[in-house]
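Okay, here's what each chain looks like letter by letter:
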Amino acid sequence: MPNQIIELNNISKRFGNRSVLENVSMRLEQGQITTLIGPNGAGKSTLVRIVLGLIQADLGSIYKSGPMRMGYMPQKITIDPTLPLTTLRFLQLAESQASKCRSALVTMEVDYLADTPIQALSGGEMQRALLARAILRHPTFLVLDEPVQGVDLNGQSALYNTISRLVEKLNCGILMVSHDLHLVMSATDHVICLNQHICCMGRPEHVQQHPGYTDIFGHMTAVYSHSHDHHHTLQGQVVGSEHTHSSECEHD
Amino acid sequence: MTDFILYALLAGIGVAIATGPLGCFVVWRRMAYFGDTLAHSALLGVAIGIFMDINLNVAIAGVLMIFALLLGVVGERIHLSMDTLLGILSHGSLAAGLVTMALLIDVRIDLLSLLFGDILAVTVSDLYLIYSISVIVMVLLAILWKPLLTMTVNAEMAEVEGYNITFLRIVLLLMTALVIAVAMKIVGVLLITALLVTPAATARRFSNTPEQMALFAAGIGVLSVVSGLSVSWYLDTPTGPSIVLCTVLAFLCSMLKRNA
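Here the protein sequences line up with chains U and A, keeping their order. Just so we're aligned: the first sequence equals residues 1 to 252 in this note's numbering. Just so we're aligned: the second sequence equals residues 1 to 260 in this note's numbering.
Careful: at least some of the hints might be erroneous.
[To be verified] DSSO-like cross-link-like pairs, simulated, lysine-lysine; straight-line CA separation at most 30 Å:
{"hint": "1", "chain 1": "U", "residue 1": "K76", "chain 2": "U", "residue 2": "K169"}
{"hint": "2", "chain 1": "U", "residue 1": "K100", "chain 2": "U", "residue 2": "K169"}
{"hint": "3", "chain 1": "A", "residue 1": "K146", "chain 2": "U", "residue 2": "K64"}
{"hint": "4", "chain 1": "A", "residue 1": "K257", "chain 2": "U", "residue 2": "K169"}
{"hint": "5", "chain 1": "U", "residue 1": "K64", "chain 2": "U", "residue 2": "K76"}
{"hint": "6", "chain 1": "U", "residue 1": "K169", "chain 2": "A", "residue 2": "K146"}
{"hint": "7", "chain 1": "U", "residue 1": "K64", "chain 2": "U", "residue 2": "K169"}
{"hint": "8", "chain 1": "U", "residue 1": "K100", "chain 2": "U", "residue 2": "K76"}
{"hint": "9", "chain 1": "U", "residue 1": "K100", "chain 2": "A", "residue 2": "K146"}
No lab work stands behind these hints: they were computed from the structure. Predicted model only: the values in this text are computed from it and were never measured.
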């Protein structure tokens, strides 16, 4: 089956008399990670919500190459503590077979959370539970709104690694919102720098050099222009060192 | 045992098995104040029913469902916090109901029974109404259980996954309106929220799954009805408040249980 695509053409959106998005065109492809970066108030969440169909654009059109399954990982999920819901039961809302849910938790390395109340999960654990949910639902496109918020630096790169492995496993397209390019560099195929309009877009190394990007973010030295050569379990132990550098990896 | 006490018992049980599971959603989705507002507007339904000379049950249910829809649909679009909006409507509708009824001077209404319930006056046709609505609510809850839970976890995620959130929200609001309309006979407009919220809150402390909580809430509600009626029978206390007091006592007992 050919790769599915979502194409946005000249999307504009205003809230009251404030213009939030102007003439935004972009293309999402199955099997690719697209990262949306931009300062606060750049319209990232609005654009994401338009892609998801949660709100309508004022102008412009969206083209989808076929019927598709969308998945959404909200920035934060607040569940009232009066709802007795374990992580496993939370997953079972998407897939009723408990065994499948457990193996999704294993894939995300959070099987120890199965019987934990969903409200007790930390930010990083919640994101992994949501990724497990995504595995169960097999979305064509998965939209992640600031997935690493509230996760420490090591956890962030581990989470990005997990996300890029997930794309291969599920062959889904990912649209991810981030406000830090350096951390997502290794985990993204395509970067869109948004500040109400699209300032620049392209491969991460390209965007980093682009004047449109440096205007907004300044010349920051890269924190990470390489991938971590090992990763940590959520408890912090180092596991494995089978990491190999991809061809895009430019450091020596 | 005399008929009226049997009818009262059946009516109370019929209401409690619906308020239990529905009350869980009221608690999970923090709709308690919403329930209060709906209940208060029931007085307006009574006044309109008398004024237009239509069946009171129909008038009450009609007004409650209209209020529920207005709150659910319009409430989203008004630039006021839901809390403020409910605060205005809750007491506004209570006052409007009381004033309208006072204006209908040639009609004598037992205001106390409207405010605090009159379960001992339940008739056979009331029982039919109570059980039809309880059955409708339980069937709908059973069918929509998973979508409703998913929406409770996160509405936007549920919407992206293809659930019709507007539909689900409206169904939930209408069910709440209907149950309040019948629960009004049991505990009156001022105490209905207690019947929705308290058994659910009590059940929470013994439940590990949403289903357990719904089941336990219904059970605790039924127990409270039975014990409240008994108390009222032997001590000659007002029935509605006695039932509500029993739900609160059950809640207080549940607090003795460690960790929940």
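Verification of the hints:
1. Between K76 (chain U) and K169 (chain U) the alpha-carbon distance is near 25 Å, which keeps this suggested pair within the 30 Å criterion.
2. The suggested pairing of K100 (chain U) with K169 (chain U) holds, with an alpha-carbon distance near 15 Å, which does not exceed 30 Å.
3. A C-alpha spacing of about 28 Å is found between K146 (chain A) and K64 (chain U), which places the hinted pair at or below 30 Å, so the restraint holds.
4. Under the criterion of a C-alpha separation no larger than 30 Å, the hint pairing K257 (chain A) with K169 (chain U) is inconsistent with the structure, at around 46 Å.
5. This hinted pair checks out: K64 (chain U) and K76 (chain U) have alpha carbons roughly 27 Å apart, not beyond 30 Å.
6. Simply put, K169 (chain U) and K146 (chain A) have alpha-carbon atoms about 27 Å apart, close enough for the 30 Å limit, and the pair holds.
7. Annotation: proposed proximity of K64 (chain U) to K169 (chain U) holds, straight-line Cα distance about 22 Å (limit 30 Å).
8. The hinted pair formed by K100 (chain U) and K76 (chain U) meets the criterion: a straight-line CA distance of about 25 Å does not exceed 30 Å.
9. Our distance criterion of 30 Å between C-alpha atoms is met by K100 (chain U) and K146 (chain A), whose separation comes to about 18 Å.
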